[in-house]
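Asker: Under my numbering, the letters of the sequence shown match residues 1 to 213, in that order.
For the record, the hints were derived by calculation from the structure and aren't laboratory data.
Note that the coordinates shown come from a computational prediction; the quantities given were computed from them, not determined experimentally.
By construction, the Cβ of each residue, glycine as well, lies at the ideal position given by its N, Cα and C atoms.
One or more of the hints may lead you astray.
[To be verified] Pair by pair, the computed Cβ-Cβ distance ranges are:
(1) Arg42 with Val77: 41 to 49 Å
(2) Ala115 with Asp78: 38 to 46 Å
(3) His41 with Gly151: 43 to 51 Å
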Amino acid sequence: MNMAWAGTGHAWEWFAIAGLGVFHGINPAMGWLFAVALGLHRHSRKAVLLAIPPMALGHALSIGIVAALVLTTGMVVDSHLIRIASGALLVAWAAYQVRYGHRHRVRVGMTAGFAGLVLWSFLMASAHGAGLMLIPALIPLCGSMAGLSSGGLLVSLAAVGLHTLATLLVTGAIALLVYDWLGVGVLRRGWINFDRLWTIGLAGTGVLLIATA
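With the sequences and hints as input, model every part of the structure.
Answerer: Pasting the structure below:
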């Protein structure tokens with residue numbers, strides 16, 4: 001089997017993974033708002049910058065667990081069953097977000113260090129089902145490497161890396177923009193309701209998986 005997964009045949013999956021990284025980076029709950037809060041608390045722009053890498057790492061760990069599950073499950077379970085089960089899980093998770101999403105308030109103090117920020121980001125991404133959104137793109141990518149465990153692992157790592165890079169860049173850019181210029185008042189003046197948009201994204205992804213199974 002050649003490495004056709006890197007070509008145009010799977011271009012949309014890579015664009016989707018990067019695009020979801022941008023979407024996750026824009027969401028205040030994924031990190032930039034906390035980074036700004038740390039900067040304001042410590043009166044330091046450097047604190048904003050130093051908060052971004054551990055948050056990106058925690059996000060990557062959460063995404064990586066989902067990618068690993070997709071890869072390992074795909075080796076023993078039919079892809080149609082994976083799509084249906086994943087779609088049902090996403091729809092159920094969206095319903096859970098509507099009912100209990102307001103309780104996802106992982107509290108980490110303003111004195112949090114590197115490990116604390118990694119843990120906070122991991123828990124936030126996991127609680128919001130960030131990795132679940134990548135399943136429609138991960139299934140065909142990992143499926144293209146069926147029978148080649150090392151190839152599937154490389155694809156999964158590349159997907160997690162691309163998504164994390166996109167999230168890191170967007171999170172960092174928005175954090176600095178808000179800290180240096182806009183101020184946190186922008187959330188009151190006209191920021192999008194990402195909780196609602198996030199829930200719609202989860203449900204829509206679930207329906208898509210079931211419809212294309």
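Asker: So, for every hint listed, does it hold in this structure?
Answerer: Verification of the hints:
no. : hint                          : result
1   : Arg42 with Val77: 41 to 49 Å  : holds (48 Å)
2   : Ala115 with Asp78: 38 to 46 Å : holds (40 Å)
3   : His41 with Gly151: 43 to 51 Å : holds (46 Å)
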